[in-house]
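The task is to assemble the complex, starting from two chains supplied on their own in separate frames and drawing on the hints.
Each chain, letter by letter, is given below.
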Amino acid sequence: MSVASNSTHVALRGPARGTGTAMIAAALLLVAVAAPFVLYPVFLMKVLCFALFACAFNLLIGFAGLLSFGHAAFFGSAAYIAAHTVKVWNWAPEFGLIAATAVAGLMGLVFGLIAIRRQGIYFAMITLALSQMVFFLALQLPFTHGEDGIQGVPRGTLFGLFDLNQPLTMYYAVLAIFVGGFALIWRTVHSPFGQVLKAIRENEPRAVSLGYRTDRYKLVAFVLSASLAGLAGGTKALVFQLASLTDVTWQMSGEVVLMTLLGGMGTLFGPVVGAGLVVTLESYLASTSLPVPVVIGCIFVVCVLVFRRGIVGELLARLPKRGR
Amino acid sequence: MNAAPNDDIILEARNLTKEFKGFVAVKEVNLQVRRGTIHALIGPNGAGKSTVFNLLTKFLTPTRGQILYKGRDITRTKPADIALMGLVRSFQISAVFPHLSVLENVRVALQRPLGTSFHFWKSESSLYDLHHRALELIEAVNLSPWANHLAAELPYGRKRALEIATTLALDPEVMLLDEPLAGMGHEDIEGTADLIKRVAADRTVLMVEHNLSVVAHLSDTITVLRRGEILAEGPYEVVSKNPQVMEAYMGTGHA
Numbered sequence: 078m079s080v081a082s083n084s085t086h087v088a089l090r091g092p093a094r095g096t097g098t099a100m101i102a103a104a105l106l107l108v109a110v111a112a113p114f115v116l117y118p119v120f121l122m123k124v125l126c127f128a129l130f131a132c133a134f135n136l137l138i139g140f141a142g143l144l145s146f147g148h149a150a151f152f153g154s155a156a157y158i159a160a161h162t163v164k165v166w167n168w169a170p171e172f173g174l175i176a177a178t179a180v181a182g183l184m185g186l187v188f189g190l191i192a193i194r195r196q197g198i199y200f201a202m203i204t205l206a207l208s209q210m211v212f213f214l215a216l217q218l219p220f221t222h223g224e225d226g227i228q229g230v231p232r233g234t235l236f237g238l239f240d241l242n243q244p245l246t247m248y249y250a251v252l253a254i255f256v257g258g259f260a261l262i263w264r265t266v267h268s269p270f271g272q273v274l275k276a277i278r279e280n281e282p283r284a285v286s287l288g289y290r291t292d293r294y295k296l297v298a299f300v301l302s303a304s305l306a307g308l309a310g311g312t313k314a315l316v317f318q319l320a321s322l323t324d325v326t327w328q329m330s331g332e333v334v335l336m337t338l339l340g341g342m343g344t345l346f347g348p349v350v351g352a353g354l355v356v357t358l359e360s361y362l363a364s365t366s367l368p369v370p371v372v373i374g375c376i377f378v379v380c381v382l383v384f385r386r387g388i389v390g391e392l393l394a395r396l397p398k399r400g401r
Numbered sequence: 222m223n224a225a226p227n228d229d230i231i232l233e234a235r236n237l238t239k240e241f242k243g244f245v246a247v248k249e250v251n252l253q254v255r256r257g258t259i260h261a262l263i264g265p266n267g268a269g270k271s272t273v274f275n276l277l278t279k280f281l282t283p284t285r286g287q288i289l290y291k292g293r294d295i296t297r298t299k300p301a302d303i304a305l306m307g308l309v310r311s312f313q314i315s316a317v318f319p320h321l322s323v324l325e326n327v328r329v330a331l332q333r334p335l336g337t338s339f340h341f342w343k344s345e346s347s348l349y350d351l352h353h354r355a356l357e358l359i360e361a362v363n364l365s366p367w368a369n370h371l372a373a374e375l376p377y378g379r380k381r382a383l384e385i386a387t388t389l390a391l392d393p394e395v396m397l398l399d400e401p402l403a404g405m406g407h408e409d410i411e412g413t414a415d416l417i418k419r420v421a422a423d424r425t426v427l428m429v430e431h432n433l434s435v436v437a438h439l440s441d442t443i444t445v446l447r448r449g450e451i452l453a454e455g456p457y458e459v460v461s462k463n464p465q466v467m468e469a470y471m472g473t474g475h476a
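Protein sequences appear in the order of chains A and B.
With my numbering as the guide, the letters of the first sequence map in order to residues 78 to 401.
With my numbering as the guide, the letters of the second sequence map in order to residues 222 to 476.
Bound-form chain B, shown alone (with noise of 0.2 Å):
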């Protein structure tokens, strides 16, 4: 961590903490995700795992601290804005648009940059020449087979890859996903892992999760949070083996 350059840090927390009435929930919380990696941050309940998150992605404005984005303060800044600076997140509870289809789901990302999103008096076939690519994407997280129906008719692991899909289509330099793998039954887990680990080949990945296991394959670097702080940091070799973290999650069998 130390030996790292500085311009090989996409992004940054500095001294991160965030107060709800005089409950700490983040408490100085320093994190720096590596461009090109997979960065996990886990954690038992209540660590302020997705408190992080949404401090990051600007859902949430932190009491102090600064955040860095390719060394740009964005504290300050917009969610929507950040968006486009190519910070897109996903959400712990699936985020798609139930009543769109799938192609609208992953076409409605794609259309901001025609410009023509405020043009209440243009056809919607203005839209279809984006298709080609939603229905690249779409393929890509073996979702072809659904593009025409509503989102909200999907089992639930095909809902996180349209999620996924519709994040790509933004094309983001850093994906930022909360717990993409919770509530997803074993053959799903490993699909979608897999997923993550294709689209990450070149891209920055930083996720959420609640279990060690599994992104112990996945992630090349894992923050341990506890209480609002960083309990552990490292590959899942060094985090695995500290006491710490194994008291931290002993009698939950899962480290």
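So here's chain A without its partners, still in its complex pose (with noise of 0.2 Å):
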């Protein structure tokens, strides 16, 4: 039986895909050790970081039809928990990091159970609210410092064996964390939930007519969505050693939207594009007198206009056809 349907399956769909992504990965992944030879670890570091937190955020509107506009307050909670549980509890990076994402995650499933019963632009709306609450509890609740933050958390020491201090050691201590994220979401995208959740994207009622309970699945979408931000917003507090009222802003929220639809939503890649275009600009322009929102706003502008499947939509729709 399995093996009559293993050569149904090559027959119908051919190897060539599957063989292609992994072998773009490879390549992309022996870039991403190469790199810090080359360029700044500590930008990389912050690139890896925002990449994760697209991909996460992707996980929701390109692959369950979900715009949340306030996966900041999943990022920045996340930033200080594990800045708290690592500078003042004296924890090891690793369980502040997994205190980080579990408090994410116990958040995303609170906003989820609120909003995820509406639909479009009052989902959005309803998660700008939830997430402008806990940046004002970020302002006022002691253990957040208010705008000063939590600074100077040290890195410490990876599991008792890596230590963080070393740029190179933290770089690919980050490099691993994005690595096993974007694995999750890539096996999430194609597994069983995940064909469900493109079923609910693309037809919601259909999806209900056919037996799906849709709100349990955009729920857990929504859950492992805000986990991963977590875990993305937890690292960058152990690289840049700070927690701030930054990652909790709606600005931060309305960047990680905008980070995804540059890189092309619904595609596997183009949120870690996205971020590292916008990670690059910022950080570049820094140094210039040029005004960095104008000049970014109007790339988005003018990407939005030219190629609306964002950059990696735009390349894999202009590749011969094969499906997606």
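Don't read these hints as lab results, they were simulated from the structure.
No experiment lies behind these values; they were computed from the predicted model shown.
Using N, Cα and C, we set each Cβ at its ideal position, and we do this for glycine too.
Please note that a few of the clues may not be correct.
[To be verified] Chain A regions said to be covered by chain B (calculated; three or more residues, Cβ under 8 Å):
1) 267 to 276
2) 286 to 296
[Unchecked claim] Far from chain A by the CB rule (all over 12 Å, computed), these chain B residues:
3) P300
4) H407
5) R447
Listed below in structure tokens is the structure:
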């Protein structure tokens, strides 16, 4: 039975697509491993953190069709949790990150339970409102230190083995976290769950009529996305040894939307490219006299007008037709 | 209708009423669908066909009245849950998943019984065992050459066929088809009508249609709605000779 269906599968799809993606991924991984010898590691780590954040966000909008406008709440809160547990409670970095991810996941569960029954703009507005509440809490709660944030977070030693104060060690740890998070997203998209999620994105009433309680699937996707956004935020706190209000602002929620749209919503590599582009522009424009938001805004407008599918989405669409 | 014994009725609506802010879209509709038949619900625009249909499939909640499926009250059951009970609907605007392949469209309907639909850590290849059954269903609606195409690329008539294959994947006891022949060319109408007849051989079909003539040779029972109320009911020969029905359709030239 399984032999027969495997051969059916090969006949139907051909193995080319999977191998192609794997080869691209392997090539990118090689580049990422070599990159810190050419580029500034802190810059690369920033790119990786935002790339993971954008990938987590993309899991929701690109594969479940849910536009969250409050993802900074998960990203920023997780940063506070990681910073606080590591600095004040002296937790090892791995436990700090686990705590950060778990708290973000729990917040995702709460946000999701409240917002998931609403569609489109209402969903976006509810997530925005909830994240503004989180921003207010971050401003007022004593442990976040308001405007100062939590500074001087020690990076510590990962698993008691790897000294994260070494820039290269820290970089490879961040790279491993990113690859792990990305792999989880890749697996989710290509899982039985991912199939149902795509069906819901494509046509929710039809998915309901096929017997799927769509709210539950969307909630699981929301929690996954929030947890991974939290992992990204916690990692960023360790990299910069800082958790601040910037990461919980609504502007941060907007930035991740921008990254995802620029790179290509609903493509796996798009958010990585988008995050890389935005972080690079911000870093290099910061040293010039150009107003950064204006330049990025212009690029965004041009991108939306010229290639609506985003950079990666447009590239894929121009490749010889192979579905997606 | 009166003579039918009760266990012969698979789906029943009792005094079904739906009001939208004071406007009565459906008024006191009593409908009995007999097991194993093709039952058509027809009526001119605004007759309330789609509302009745959405009420029966739970996509709308009735203001008053009751819906019984196999004797069980499903008036408050959630739409996803009636699908699990064997009551599966289609949609007026073709209900496919456009950016999934034809095969994936059918497979999504097949995969739920595996119980792995929440398993985000499992590989998609765990679904490949379903391909055999999916391809059979695709073959049954003559879509085999398109199995690997995106549903969005199919012409309209074939999308409807795919929708039927997807519905059949759940092996429903009752299929509820919302205007399955609407917007089709003549060649497609004949093929799809044949298909409906074929799949109805061992199940019950309730379909909404706009035109009396289209369902004439397809249905065992026809219920004609007008302004939210039942105007006439019976086989085509009876309904088509009803003076009120003829009047309702006068000028449209369909009866």
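Next on the checklist: Please check whether the beta-carbon of B/R447 is more than 12 Å away from every beta-carbon in chain A.
Outcome noted: Fine: 27 Å to the nearest Cβ keeps B/R447 off the interface.
Checklist entry - Counting residues of the segment 267 to 276 of chain A whose CB is closer than 8 Å to a CB in chain B, do you get three or more? => result holds (count 9)
Checklist entry - Are all C-beta atoms of chain A more than 12 Å from that of B/H407? => result It holds; B/H407 is separated from chain A by about 27 Å at its closest Cβ, greater than 12 Å.
Item to check | Claimed clearance of chain A by B/P300, with the beta carbon kept past 12 Å | outcome: 5 Å, violated
Item to check | Whether chain B covers the segment 286 to 296 of chain A (at least 3 residues having a Cβ closer than 8 Å to its Cβ atoms) | outcome: holds (count 8)
The structure fails to meet hint 3 from the earlier list, while all remaining hints are met.
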